[in-house]
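Residue numbers for the sequence shown follow the UniProt record's numbering, beginning at 1 and rising by one.
Among the hints, erroneous ones may be present.
Derived SDA-like pairs (lysine to any residue); straight-line CA-CA distance at most 25 Å [stated by the list, open to error]:
id	residue 1	residue 2
1	K47	E182
2	K177	T24
3	K104	R34
Across the chosen pairs, the derived CB separations fall in these ranges [as the list claims (entries may be wrong)]:
id	residue 1	residue 2	range
4	N76	E45	18 to 24 Å
5	A157	E10	31 to 37 Å
6	S185	E32	34 to 40 Å
The hints are simulated quantities; they were obtained by calculation from the structure and are not laboratory data. Just so you know, even glycine gets a beta-carbon here, dropped at the ideal spot from N, CA and C.
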Amino acid sequence: MSLMSTTAIELALFPLNVVLFPGTVLPLHIFEARYRQMIMDCQQEMKPFGVVLIRPESEQPDEIPYSVGTVAEIRNLDKLDDGGYNLIAVGTRRFQIVEQYHDKPYLSGLVEPYEDVSEPIYELEVLNEQARDLFGRYLGMLLEAMNEDDVQTNLPATAESLSHFIAYFLEIQDERKQHFLELTSTRQRLREEIGILRREVPFLRQIITRQISDEQTRLN
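Let the hints inform the model, and build the full structure from the sequences given.
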């Protein structure tokens, strides 16, 4: 099941210290009893769940989530001997919480789709190309700095999908990622990401240059 209509639906909510974006994946290890029950219910009802970022002022077990999150489809579900689960959560669509429910062991809520507004295609194409070039270099240097430069990554084709992909992988605070998730303008999201990438690419280049220099010094 996915949020393909404009109708509000009830959705199980999983507050986490991470922001999931549409088109990205998140490996999860489910060990708490309440979230084991959530996964069982989702499987029985053939429903996804919603991933929402926990507000920093929250305290367990009463985590307070941000109001905008992402629908997560369950993939590669593996039930463990201890009753827990390993799974891959695949982000599909964004939603906004209309009302929270506390009648189950886990949080749930009434949610409605949360979409980007329509914007001029030409402007998005220009920003898409700029962001794609910068992020390609950023990701390549990041992988090189981690000695994983042989990893191949296919970037999303559309401007909106790329903007979510970039936001997910940028090394920024979760609150900033949440800001990107809540934006309803692909154009603004890409512009802000381009600004970050223009600062980060030269910084990463300096790190890699220093690593190469240090390695050459050790070899001599």
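Each hint, compared with the structure:
Taken as a hint, the K47 and E182 pair is honoured in the structure, with Cα atoms around 23 Å apart against an allowance of 25 Å. Pair hint K177 plus T24 holds up; C-alpha atoms about 13 Å apart against a cutoff of 25 Å. Taken as a hint, the K104 and R34 pair is honoured in the structure, with Cα atoms around 9 Å apart against an allowance of 25 Å. Take N76 and E45: their Cβ atoms lie about 19 Å apart, and the range 18 to 24 Å holds.
Here the CB-CB span from A157 to E10 is close to 33 Å, well matched to the stated 31 to 37 Å. With their beta carbons about 36 Å apart, S185 and E32 fall inside the hinted range of 34 to 40 Å.
When the structure is compared with the earlier hints, no violation turns up for any of them.
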